[in-house]
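K.L.:
Here is what each chain is made of, one letter per residue.
There are 2 protein chains.
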Amino acid sequence: MNIPKTSTPRIVIIGGGFAGISLAKKLSKQEVQVVMLDRHNYHTFQPLLYQVSTGALEPDSIAYPIRKILSHYPNFYFRLANVEEVVPEKKIVRTDIGEIFYDYLVLATGSRTNYYGNQSIKENGMAMKTIPQSLNLRSLILENFEQALLTDSLDEQDALMNFVIVGAGPTGVELAGALAEIKKGILHKDYPDLDTRRVQINLIQASDRVLQEMSPVASKKAEQFLENLGVHIWKDVLVTGYDGETVTTNSDLTFQTATLIWSAGVMGATVNGLNAEDLIARGNRVKVNEFNQVEGFKDIFAVGDIAAMSTEKYPYGHPMMAQPAIQQGKHLGINFERLLNNKPMKPFSYYDKGSMATIGRNKAVVDLPNFKFQGVFAWFVWMFIHLFFLIGFRNRMVVFINWAYNYIRFDREARLIIRPYKNPKTKDEETQVA
Amino acid sequence: MNIPKTSTPRIVIIGGGFAGISLAKKLSKQEVQVVMLDRHNYHTFQPLLYQVSTGALEPDSIAYPIRKILSHYPNFYFRLANVEEVVPEKKIVRTDIGEIFYDYLVLATGSRTNYYGNQSIKENGMAMKTIPQSLNLRSLILENFEQALLTDSLDEQDALMNFVIVGAGPTGVELAGALAEIKKGILHKDYPDLDTRRVQINLIQASDRVLQEMSPVASKKAEQFLENLGVHIWKDVLVTGYDGETVTTNSDLTFQTATLIWSAGVMGATVNGLNAEDLIARGNRVKVNEFNQVEGFKDIFAVGDIAAMSTEKYPYGHPMMAQPAIQQGKHLGINFERLLNNKPMKPFSYYDKGSMATIGRNKAVVDLPNFKFQGVFAWFVWMFIHLFFLIGFRNRMVVFINWAYNYIRFDREARLIIRPYKNPKTKDEETQVA
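Line by line, the protein sequences are chains A and B. Mapping of the first sequence onto the UniProt record's numbering: position 36 corresponds to residue 36, and the numbering continues sequentially without gaps. Mapping of the second sequence onto the UniProt record's numbering: position 188 corresponds to residue 188, and the numbering continues sequentially without gaps.
Calculated directly from the structure, the hints in this document are not laboratory data. Just so you know, these numbers come straight off a predicted model, no measurement behind them. Take the hints with a grain of salt, since some may be wrong.
Copies of the same chain look alike in the list, so a pair counts if it works inside one copy or between any two.
To be verified - Listed next, the in silico DSBU-like pairs over lysine-lysine satisfying Cα-Cα at most 30 Å (straight line):
| # | residue 1 | residue 2 |
| --- | --- | --- |
| 1 | Lys422 | Lys122 |
| 2 | Lys287 | Lys235 |
| 3 | Lys372 | Lys313 |
| 4 | Lys313 | Lys235 |
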């Protein structure tokens, strides 16, 4: 990997998400060498991925080059790499670009989509955990409408215009709301020769309310907002399979659709070499102690989604969201300073700042620790917070301009099929006519 | 294709570039049915593609949904399609989504990269005529630097950091200037552990000056600007091949590089079925008369790059640029109105508004018909004109913000490898660790 060996301890961080970046920032002024590995050269602001999928934003608005975030820090090294395994007894990480020795290793690998072993959904459904996946979904949605124009079969048209979203957490709810806004504001203009009133958005939830991690009042209000937008909500329904045409459930209920979006769960993105049975907690997360140390190791830590720190309030680990990841990353940075100065580390404690979700234009639900509210004001709070947490002044400006434009014009202009998802028509597209 | 047959004449336009869109706009108020076919669902503002390649802009800033441009026009139909052939005797166009009858057919297919039959360059070189190609080039440039970090071989590093641009027209010159700015402002910050002073930008031209379609004074000044930026200009050099590692030329001169960008020529993107020998002029363009009628046909027209209209000043057809395309498209729109009202058509005459090219920060060359100037003012003019010609208020705003930010910060933030070009590491990237 061509990284010089220095006398300062080397901390290898796997993953440049919220946890990894927060940690790296805290380490920037310490006497350590930091090596960050990620399979992308950018940090992704995941809470806005659904806006990439629905053509409201482009990737560069919610992605930020990792090298740029950390370019001011001396003794910081980034490598674009896929991690293959960790070998704790040798203190090395093996990757597709070679292996690297660590003094301390931090797993900040985040989470990936959890299909709960359902192969048919994994193969035929769409996920929305990364930018390429979100762009694929954008292409597919637009391709569906182009294809719907070409058929006389009403059944085929209905399937192409039916969007089935499984999982009504924030991602599912926000995507459903955005699709409903597109139906209302854009589709009838773009496709005047298609009866876009027949577009269906079905949101399926296994439990008895949407946004089940939020308060009951937020759930209730969100359901009301969604229903007003014409979203069909199905509660207590368990999706059991999808062959690319039919969604089956645990009852007689089925859906004919060309698009199933799976937002029903995530699981820790574990790394090979640490998969010992007794290390892995519920949700495929790695068990850590109150200092984010992986059980049984002094020199391996885990932060963010991948880390399961059992506490009284969260026996199975903190929620797999941005806030715990950011807080754990920061906290571990402070603990490293103590550790390297032979001081005892401090236990992590999570400060729950609350959670929120937006449901289309002028509508959001916000749960703060002591205050819950919904509607237009919540929507402004949602926007402000998301703008604030975006990295980079330019990103904030561009997102703000896009939101303002989209709001005023009831529009989203990035409805471009840059890379077709279905039947990519041409590899060397220049050799094609027209 | 599910397009209703009406009593008004049907005009089928193949291609949604400058020519096709200008024509469609002129037809919007006429008593005709317009069907536009394109293999993309967006119009591309090609003059700024090099800014997508170099991470200054995202695709949505220079692309615009065709459906949106024309959504206000009644009796207008867009279909996403690859044209396979035209059958003039049956008056139909065959495509991958079925065939369509036309009363009038307009070829607005534009141009594609001309490799002059050189297969090695076509296979191993990069082109920059479409958005996917420009994004591929962006990924490749960034991947080269990531790869250069991993090797101890100086030769390999040099090849990865050597950019060979063949063809010093506006595209080649603007790309060379942008790469030189990146070298100066960004690379040493992003890659502190790489000696980025060794980055080379080689611009190769077969003739004896760059920008040979512009005035000698513009060429001279552009060469001076480029040289000040550290670009190596090679004139009177003919590139003969590229095997992915070595660029060969008509002399002993060779270049070792991982990246050859081919901007040395374009050719008409002809359509099967009209390829009769005597119809095709120099540059693979279709011969048209002064009304843009394809030779030998009353009902088939061609506009823009694909059309070769021989005039006294342009015996081989007008320059293959935006302006002739826009003007021919508009003019044909007016001629259709006359034709359909049984009035004689008017011959096209080209009004040369001049041409321009920018060479990095604060530097551009502008040739107006009666006035030629270079430098900072030319650069402002270049920016103003390009902002003005972009379609859509939002695009202008977003491009303006990006340019202002990039200018103030010496930066370009879209340096993201969204879809790797070399060794795409993972198909289903979520199954990967890290």
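K.L.:
A separate judgement is required for each hint: does it hold in the structure or not?
P.N.:
Cross-check of the supplied hints:
Taking identical chains as interchangeable, the C-alpha atoms of Lys422 and Lys122 lie at most 30 Å apart whether they share a chain (16 Å) or sit on different chains (26 Å). Taking the shortest alpha-carbon separations for Lys287 and Lys235, neither the intra-copy value of 32 Å nor the inter-copy value of 64 Å comes in at or below 30 Å. In this assembly of identical chains, the alpha carbons of Lys372 and Lys313 lie at most 30 Å apart only when taken from the same copy (20 Å versus 73 Å across copies). In this homomeric assembly, Lys313 and Lys235 come within 30 Å of each other (Cα to Cα) only inside a single copy, at 27 Å, whereas the closest approach across copies is 72 Å.
Of the numbered hints stated above, the single one contradicted by the structure is hint 2.
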